[in-house]
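Colleague: Assemble the whole structure, with the sequences as input and the hints as a guide.
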Amino acid sequence: RDSRTRRPRWRGARFPRRARRRGFARPCPPFTFMNCEVFSLAPLRCEAFQAKETLRAVLHTILFARTLGVVRARDVDSELFDLTYTTCGDPAVERHVEERLDALVRWLAKQDRADDTVAQVCLSFYETKDKRGGWFGGGDERVYWEQWRVPVEVVGGDEALMNVADREAKSEQLQQTIVAATQHVLGLVNERKDHIPPVVSADVVSFPYEISLPGETEGALLGSLRRMLTHASPPTLV
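Take the sequence shown: its position 109, counting from 1, is numbered 141 in my numbering, and each next residue is one higher.
Calculated directly from the structure, the hints in this document are not laboratory data.
Treat each hint with caution, since some may be false.
[Claimed, not checked] Only pairs whose alpha carbons sit at most 25 Å apart, straight line, appear in this in silico DMTMM-like list of lysine to aspartate or glutamate: (1) K84 <-> D147; (2) K202 <-> D109; (3) K142 <-> E130; (4) K202 <-> D122; (5) K202 <-> D190; (6) K84 <-> E204; (7) K161 <-> D147; (8) K142 <-> E191; (9) K225 <-> E204.
[What the hints assert, rightly or not] Simulated DEER-style distance windows between Cβ atoms: (10) A135 <-> E111: 12 to 22 Å; (11) N195 <-> R104: 35 to 45 Å; (12) T116 <-> D162: 36 to 46 Å; (13) T160 <-> S110: 28 to 38 Å; (14) S110 <-> R224: 22 to 32 Å; (15) K142 <-> D162: 17 to 27 Å; (16) R224 <-> D190: 17 to 27 Å; (17) V211 <-> D162: 34 to 44 Å; (18) S72 <-> V231: 18 to 28 Å; (19) S72 <-> L100: 48 to 58 Å; (20) T116 <-> N222: 38 to 48 Å.
Note that the Cβ used here is the ideal one computed from N, Cα and C, for glycine as well.
Modeller: In structure tokens form, the structure reads like this:
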């Protein structure tokens, strides 16, 4: 199926049970995605050892494309593929991406390799606003304005036992898919700009972002509720 841009369709409905089993993170709380622009990329089918490098190229392309501050771009030659991608040159950003991808690799290692493992990695940009009043008093609220959904299909079963010739052919096909994905990202960021909030930070990456991995969104929701309770003002007794 072709890549496409779409608004969230899960609002007000249960997230598909099958998707939960196959490694798709639950969506974040709907109220934080009220006007969020969602971009869904085509699935990236790869072997387990290729997953980190595949996602590294795509995630850095998105982060570089949404870098609105002063940046020292750095071209990186891929460790596995004959391609080059660009990072924003910020050591903190690169370190964070590596930490999240290492966590994904650990999650993949725990999955049953008898069948394909389907996972979805989400890169979300947000701004933090002061939330006043309401049941939980004040505190900060994350308002998400853009999310990139990157599905990954890690081959298992007989396909994971390919011979050398088949493996090289699959690797070449994956390389072309990565190049197409990065070009698609660059096309979308140049085309869709109206939803970007005003820039108020001089940081390289002008807006906070998070990289969500399979099985983590529920924890993020509990963390958000915990923060609201921590910052809540006690009720007034009459």
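Colleague: State, for the Cβ atoms of V211 and D162, whether the hinted interval 34 to 44 Å holds or is violated.
Modeller: Given a distance of about 42 Å, which is inside 34 to 44 Å, the answer is holds.
Colleague: Next pair to validate is K142 with E191; report whether the Cα-Cα distance is within 25 Å.
Modeller: With Cα atoms ~18 Å apart, K142 and E191 stay inside 25 Å; holds.
Colleague: Compare the distance between the alpha carbons of K142 and E130 with 25 Å, and conclude whether the hinted pair is satisfied.
Modeller: At roughly 19 Å apart (the allowed maximum being 25 Å), E130 and K142 satisfy the hint.
Colleague: Could you say whether the range 36 to 46 Å given as a hint is met by the Cβ separation of T116 and D162?
Modeller: holds (42 Å)
Colleague: If I claimed the Cβ atoms of S72 and V231 lie 18 to 28 Å apart, would that claim hold in this structure?
Modeller: holds (26 Å)
Colleague: Take a quick look at whether K202 and D109 sit within 25 Å of each other, Cα to Cα.
Modeller: holds (20 Å)
Colleague: Given the proposed pairing of K225 with E204, does the C-alpha separation stay at or below 25 Å?
Modeller: violated (33 Å)
Colleague: Confirm or reject the claim that K142 and D162 have a C-beta distance inside 17 to 27 Å.
Modeller: violated (39 Å)
Colleague: For a C-alpha distance cap of 25 Å, please report whether K84 and E204 respect it.
Modeller: With a Cα-Cα distance of about 16 Å, the restraint between K84 and E204 holds, given a limit of 25 Å.
Colleague: Falls inside 48 to 58 Å, the C-beta gap from S72 to L100?
Modeller: 23 Å Cβ-Cβ, so the 48 to 58 Å window is violated.
Colleague: Determine whether the Cβ-Cβ distance between A135 and E111 falls within the hinted range of 12 to 22 Å.
Modeller: At roughly 19 Å between Cβ atoms, E111 and A135 fall inside 12 to 22 Å, so the hint holds.
Colleague: Evaluate the given range 17 to 27 Å for the C-beta pair formed by R224 and D190.
Modeller: This hint is violated: roughly 40 Å between Cβ atoms.
Violation of the numbered hints given earlier is confined to hints 4, 7, 9, 15, 16, 19 and 20; the remaining hints are satisfied by the structure.
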